[in-house]
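K.L.:
For reference, the chains in residue letters:
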Amino acid sequence: MIPTLAHFLAVSLVLFGAGVTTMLTKRSAIGILIGVELVLNAAAINFVAFARFGWSAASGLNSAAPSTGIHGQVFAAFIIVLAAAEAAMALAIFMSFYHNYHAIDVEKGDELKG
Amino acid sequence: MPIGSPILSAVLFYTLGALTVISAIAIVLTQHTIRMAVYLLATLAGVAGLFLMLDAQFIAAVQLVVYAGGTLILIVFSIMLTTRSPLALTTVPVWERILGSVIGGVLAAAILVAGLSSSIPHLRESLPVSQSPTIGDNQHVANIGSALLSVYIVPFETAGVLLLLVMVGASYLARRTAKPGDRQSSSDRISSSDEAP
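Residue numbers (my numbering), protein chains in the order written: chain A, 1 to 114; chain B, 115 to 311.
Chain B extracted, bound-state conformation (with noise of 0.2 Å):
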């Protein structure tokens, strides 16, 4: 079957998106943290594979490394961080769910409605072929390169700032705050931990 067969994408297309829809549904559904955070790395990677899909692959590229690979781990550090037991559950009152599940399902069909009512170009075009088709093509990535540091320089900067201010800031509101007591203890098991062995 050549690449860019309607009949592959299609295959590909419907894949993808049943990965991406099941495993966001089930992030609904789940009670348990951990298994939320298992079921966003499977959602993660299914809009990674549309993005390819869509001839986005520095964007899939990006999603895979800074989503999967590090939002991700840090979710599931601050889990095991701040939970005694990883299955640990945190109840919701039935009707808190229901209520939560009505307000989800209007504000989507809301859009759906919008949706369907404006008039989109393009809408019902299947998908255009290729223009980079060969996995070596490197012209793309170059593009966006330049389309970074040209057009859309201010922006790039300014996420830059931000990126500093976050990590300073995080690294600032994360720090273990003294309390009176707390020194004394952990000095204790430090030591007690240096004895032990």
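Isolated chain A, as found in the complex (with noise of 0.2 Å):
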């Protein structure tokens, strides 16, 4: 079967039900974390897909803008870099969290001021 653009959703479907899962059951802040990486790769296979499968060309955005199928890359080079912008803060929070709790599970974390 030659994958169609249904596979490659399928693919993101999938990333996207384990990121949200991994979100919720983990106690480990560094575990949220990486349920979140999970869904910004999951949308991000969603745009370079449709891209690619022929939607920037219906989308009119500009005449100039270069050749067909650029626009969703653009967007997933813009999501690599939110990732890692948002890995590197919470990153840094956690590094916090733990100086003063001396743990980085979430439960502990339930007070307005630390």
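No lab work stands behind these hints: they were computed from the structure.
Not one of these hints is a red herring.
Coverage of chain B stretches by chain A, computed from C-beta distances (three or more under 8 Å per stretch; other residues unrestricted): (1) 161–172; (2) 266–279.
A short list of chain B residues far from chain A (calculated; beta carbon distances all over 10 Å): (3) 199; (4) 231; (5) 233.
Reference listing, derived: stretches of chain A covered by chain B, where coverage requires no fewer than 3 residues with Cβ under 8 Å from a Cβ of chain B: (6) 34–40; (7) 76–89.
Positions of the beta carbon are idealized from the N, C-alpha and C atoms, including for glycine.
Dock chain to chain to rebuild the complex, using the hints, since each chain is given by itself in its own frame.
P.N.:
In structure tokens, the structure reads:
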């Protein structure tokens, strides 16, 4: 069976479901961050796949824009940049949290002021 | 077998898709944080392969360099810095796991139903023939570069400012806060380690 757009969307759907479940079932803050990364990857697959199968031609974004398929890839690149920034920020917060509580169990972070 | 033949692309897709999906499910099932990080590496590699299949060579390379090379190393380092044992377990009650899985499954099923009921064009088309089949073709990256600096100049610059803010903010948040008594013990440690050799 030749892979179609539906195949790629199916992989992305499984990644999304696994990411949400990871976010909800882990106590370790780093585990929750890994779940967020899975969801972001699912979104990036969707962008690139839709662009590859000819959606950006219909978007009519700009005639000065280069060839088809580029727009989705640019958005995937932005997703990767945002994911890296978000991971750096979150891990800095986890380090600060670990200094105060000596664990990164999110159940311990239930006070507003630490 | 020629590049771009249907059988080859099907074999490639199912291999990469199975790698991605199986390791994503393994992330859900394992309770060890360091194993989650290793499975995440497999997932990211599989996604990079899928990007390659979708003719997005630049994004695949960025995925490997930034995600697998940068973000994942960051995650592994913070696991090492925040746990006493690399295989430390965080216990989660069974009902909570079941509830989380049900919520995740319901959300995924909702997206599946919405996707099936909407009329997405090109949904059943097979993978289009690659527009740039040669490896040495650099037109692809040039297109992305000119898109970033023409149509997407504002988000591009905003992302640059965001990265600067994150760099400053992360180093501010992760700094070692001086507590009373901390300074004394750290200077003791330094002097004792100086005498040790």
